[in-house]
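According to the working numbering, the sequence shown is numbered sequentially starting from 19.
Hints may be right or wrong, so weigh each one.
[What the hints assert, rightly or not] In silico DMTMM-like cross-links for lysine to aspartate or glutamate, where the CA-CA straight-line distance does not exceed 20 angstroms:
(1) K124 <-> E89
(2) K107 <-> E148
(3) K124 <-> D233
(4) K71 <-> D347
(5) K124 <-> D91
(6) K434 <-> E469
(7) K62 <-> D347
(8) K124 <-> D266
(9) K107 <-> D207
(10) K143 <-> E462
(11) K434 <-> D470
(12) K62 <-> E241
(13) K80 <-> D340
(14) K400 <-> D99
(15) K124 <-> E260
(16) K400 <-> E241
(17) K80 <-> E260
(18) K62 <-> E260
(19) K114 <-> D91
(20) K400 <-> D243
(21) K143 <-> D223
(22) K80 <-> E341
(23) K434 <-> E462
(24) K80 <-> D91
(25) K434 <-> D504
(26) K143 <-> D347
(27) K434 <-> E446
(28) K434 <-> D444
[Stated by the list, open to error] For each label pair, taking beta carbons as the anchor points, the in silico distance ranges come out as:
(29) L346 <-> S198: 22 to 30 angstroms
(30) H96 <-> G141: 30 to 38 angstroms
(31) L346 <-> V368: 36 to 44 angstroms
By construction, these hints were calculated from the structure, which means they are not laboratory data. The beta-carbon is built from N, C-alpha and C at its ideal position, and this holds for glycine as well.
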Amino acid sequence: MIITPRAPILRKLGIHKTSGKNEKASMSPLDGTHPISLPMRFAKIKTDIVSGKEEAISASWKRLLHALREEVDCIASHNPDIIPTIDFKDISNTAKAECFSRDLRKRGAGIIRGVIPQEEALGYKREAIEYLASNPQTRAFPAAAPQLYELYWSPPQIKARAHPRLLAAQRFAMNTWRPSRPGAPVTPDFPVTYADRLRMRAPGDASLSAAAHVDGGSVERWEPDGYGRAGTYAAVLGGAWEAYDPWDSSARLRVTSDLYNGAGSCSLFRMFQGWLALSRIAPGEGSLLVCPMLQLATAYFLLRPFFSPRQAPVMAGQGFLDEANWVLDRAQTSVLHGALPSYMQELNSVLHPHLQLDRSLVPIPAVEPGDYVIWHPDLIHKVDEVHRGQLDSSVMYIPACPLTQTNALFLSRQRKAFLLGYPGPDFEGGKGESSHMGRPGVQEINDAGGEDALRAMGLMPWEEEEASSDSEREVLAVANAILFPDQFDMI
Numbered sequence: 019m020i021i022t023p024r025a026p027i028l029r030k031l032g033i034h035k036t037s038g039k040n041e042k043a044s045m046s047p048l049d050g051t052h053p054i055s056l057p058m059r060f061a062k063i064k065t066d067i068v069s070g071k072e073e074a075i076s077a078s079w080k081r082l083l084h085a086l087r088e089e090v091d092c093i094a095s096h097n098p099d100i101i102p103t104i105d106f107k108d109i110s111n112t113a114k115a116e117c118f119s120r121d122l123r124k125r126g127a128g129i130i131r132g133v134i135p136q137e138e139a140l141g142y143k144r145e146a147i148e149y150l151a152s153n154p155q156t157r158a159f160p161a162a163a164p165q166l167y168e169l170y171w172s173p174p175q176i177k178a179r180a181h182p183r184l185l186a187a188q189r190f191a192m193n194t195w196r197p198s199r200p201g202a203p204v205t206p207d208f209p210v211t212y213a214d215r216l217r218m219r220a221p222g223d224a225s226l227s228a229a230a231h232v233d234g235g236s237v238e239r240w241e242p243d244g245y246g247r248a249g250t251y252a253a254v255l256g257g258a259w260e261a262y263d264p265w266d267s268s269a270r271l272r273v274t275s276d277l278y279n280g281a282g283s284c285s286l287f288r289m290f291q292g293w294l295a296l297s298r299i300a301p302g303e304g305s306l307l308v309c310p311m312l313q314l315a316t317a318y319f320l321l322r323p324f325f326s327p328r329q330a331p332v333m334a335g336q337g338f339l340d341e342a343n344w345v346l347d348r349a350q351t352s353v354l355h356g357a358l359p360s361y362m363q364e365l366n367s368v369l370h371p372h373l374q375l376d377r378s379l380v381p382i383p384a385v386e387p388g389d390y391v392i393w394h395p396d397l398i399h400k401v402d403e404v405h406r407g408q409l410d411s412s413v414m415y416i417p418a419c420p421l422t423q424t425n426a427l428f429l430s431r432q433r434k435a436f437l438l439g440y441p442g443p444d445f446e447g448g449k450g451e452s453s454h455m456g457r458p459g460v461q462e463i464n465d466a467g468g469e470d471a472l473r474a475m476g477l478m479p480w481e482e483e484e485a486s487s488d489s490e491r492e493v494l495a496v497a498n499a500i501l502f503p504d505q506f507d508m509i
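All chains should be modelled from the sequences, with the hints used to inform the complete structure.
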């Protein structure tokens with residue numbers, strides 16, 4: 019059954035941005051049980067994708083369903099233990115680092131423990147509380163019982179992002195990515211700071227619950243002007259999902275992930291989304307759940323809109339998920355299961371039954387203050403619907419972002435926001451912290467992390483002599499020309 023959106027939902031299919039970004043605002047109006055019919059141009063996009071490749075895509079779908087069944091069984095038998103972890107002190111240990119990176123590539127999520135010393139991380143939380151007390155005008159969500167704070171430039175956030183150990187952890191993690199195209203203009207060795215918010219979730223809170231989802235747009239993944247510009251998912255949509263490499267950085271550089279000015283969108287290339295824990299957080303205590311089968315799950319939600327069951331669950335019974343019960347649609351509809359323009363990609367057990375999210379969506383292991391949790395931008399994830407712990411569940415959102423031309427352009431806009439105390443370019447919120455007492459400046463960044471931290475914020479040029487290759491040197495030169503045009507010529 020396909021339902022047509024009501025008028026309020028149709029307005030959401032345009033380019034109107036939801037005011038005030040929060041996890042609730044960026045979730046779509048899907049009811050979780052019926053796919054929504056989109057404008058007919060999406061039917062043509064789907065038809066163009068499968069045209070001439072019907073047999074290859076059908077065969078790949080059958081292979082995918084078989085692989086999913088086995089992988090879900092594996093995940094369910096291991097649960098949180100399937101998420102790789104490594105101590106920060108071991109990231110320079112070749113054997114341990116290679117083991118962690120191998121598992122990270124497969125699972126799409128991992129934990130680097132002890133990135134910030136525990137007492138220092140606990141101090142960050144105390145400083146955040148003091149900063150909020152000095153600035154009661156700070157915007158937060160929900161207003162009645164704040165959990166998610168519109169803070170971007172508080173003293174502890176500045177210190178954490180600038181910390182040499184955090185920058186080192188980001189370099190280590192981002193080197194999981196590799197470009198398939200030699201000389202691709204991207205370098206993971208020079209992290210770029212992205213200013214996101216702070217969450218302090220109280221016990222019993224249920225306000226931040228959201229459906230399982232993937233960030234980075236939704237319908238854009240199928241659109242030729244979205245991810246199609248870079249051919250990111252060409253292997254999957256061409257009938258060879260096994261050849262799809264989620265870690266190919268060169269396939270992300272020309273992507274447009276937000277064609278509809280959507281709430282919750284991110285304007286730069288994140289190699290990892292991330293949490294820096296400021297408290298102990300165990301499963302069920304406002305923690306994160308992930309679906310740790312990155313390649314398979316991505317291939318599945320991309321191919322799902324092209325297929326339909328021969329028989330509904332009631333008729334098919336236990337055979338509903340069998341390969342034989344699913345066929346490629348002869349005439350493609352405009353439905354993209356779980357995807358609506360201007361919203362993130364949602365996933366659930368009705369629209370995406372083969373993922374068996376009740377078994378494959380698992381909590382990450384317990385984290386301590388100072389642990390850094392990272393996950394791939396295409397990974398299916400959600401937070402605990404209810405925080406059932408006894409203490410607060412507090413994190414800073416700190417993604418890991420490489421240096422690219424697009425990211426340097428973003429950095430130039432974010433730098434201005436920092437100097438004025440305004441929210442970053444991706445966030446609405448008026449004057450933000452411009453009048454906040456105790457807001458740090460450039461000197462505090464230098465004190466916390468020195469030259470590397472200043473460069474990550476676009477406040478100091480990169481030394482091009484530090485480049486390890488000609489292509490990396492070109493990336494540094496372009497970034498310097500963008501951020502410091504009076505000192506450097508555009509090459």
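Status of the hints after comparison with the structure:
1. K124 <-> E89: Between K124 and E89 the Cα gap is close to 11 angstroms, so the pair holds against 20 angstroms.
2. K107 <-> E148: violated (31 angstroms)
3. K124 <-> D233: holds (19 angstroms)
4. K71 <-> D347: Cα-Cα ~13 angstroms, so holds.
5. K124 <-> D91: Holds, at roughly 15 angstroms.
6. K434 <-> E469: holds (19 angstroms)
7. K62 <-> D347: holds (13 angstroms)
8. K124 <-> D266: holds (13 angstroms)
9. K107 <-> D207: Within the cut-off at roughly 18 angstroms; holds.
10. K143 <-> E462: holds (17 angstroms)
11. K434 <-> D470: Holds, at about 19 angstroms.
12. K62 <-> E241: holds (10 angstroms)
13. K80 <-> D340: holds (9 angstroms)
14. K400 <-> D99: Within the cut-off at roughly 18 angstroms; holds.
15. K124 <-> E260: Distance ~13 angstroms between K124 and E260 Cα, so the pair holds.
16. K400 <-> E241: violated (25 angstroms)
17. K80 <-> E260: Holds. K80 to E260 sits at ~12 angstroms (cutoff 20 angstroms).
18. K62 <-> E260: Violated: K62 and E260 sit about 26 angstroms apart, past 20 angstroms.
19. K114 <-> D91: Outside the cut-off at roughly 27 angstroms; violated.
20. K400 <-> D243: violated (28 angstroms)
21. K143 <-> D223: Roughly 19 angstroms between the alpha carbons, so the hint for K143 and D223 holds.
22. K80 <-> E341: holds (6 angstroms)
23. K434 <-> E462: holds (16 angstroms)
24. K80 <-> D91: holds (17 angstroms)
25. K434 <-> D504: It holds: about 16 angstroms lies between the C-alpha atoms, which stays within 20 angstroms.
26. K143 <-> D347: The hint is violated at about 53 angstroms.
27. K434 <-> E446: Given that 20 angstroms is the threshold and the Cα spacing comes to 15 angstroms, the pair holds.
28. K434 <-> D444: It holds: about 13 angstroms lies between the C-alpha atoms, which stays within 20 angstroms.
29. L346 <-> S198: 22 to 30 angstroms: holds (28 angstroms)
30. H96 <-> G141: 30 to 38 angstroms: holds (35 angstroms)
31. L346 <-> V368: 36 to 44 angstroms: violated (20 angstroms)
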